[in-house]
Amino acid sequence: MKMMECFEAYGLERGKRECADLISDFQECVGMQKQLMRFHAMRNERYKQWLKGERKGQEFFADPPRVDAY
0 MKMMECFEAY GLERGKRECA DLISDFQECV GMQKQLMRFH AMRNERYKQW
50 LKGERKGQEF FADPPRVDAY
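Numbering (numbering that gives the first Met the number 0), first residue to last: 0 to 69.
Since the hints were derived computationally from the structure, they do not count as laboratory data. There is no bait here: all hints are sound.
Label pairs and their computed distance ranges (CB to CB):
hint: 1; residue 1: G10; residue 2: L50; range: 50 to 56 Å
hint: 2; residue 1: F60; residue 2: M0; range: 33 to 39 Å
hint: 3; residue 1: E12; residue 2: P64; range: 39 to 45 Å
C-beta: ideal position from N, C-alpha, C; glycine also.
Could you build the full structure based on these sequences and the hints that come with them?
Printed below as a string of structure tokens:
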């Protein structure tokens with residue numbers, strides 16, 4: 000909503016420059032690119048540790064968070 004209000008205030012062309020941070024936040028909210036990159040980085044690190052023998056089969060994944068952890 001803030002992104003659209005920013006575009007309304009500045010117009011489309013100037014809004015692309017002035018509202019770049021809001022556009023980035025909106026795109027992350029919709030596409031979850033940063034979250035997926037973080038997930039893949041953690042998964043790859045766990046896999047590397049498993050290959051080196053630092054993690055065993057039961058320790059490959061961490062325990063899940065509590066249900067009410069939000």
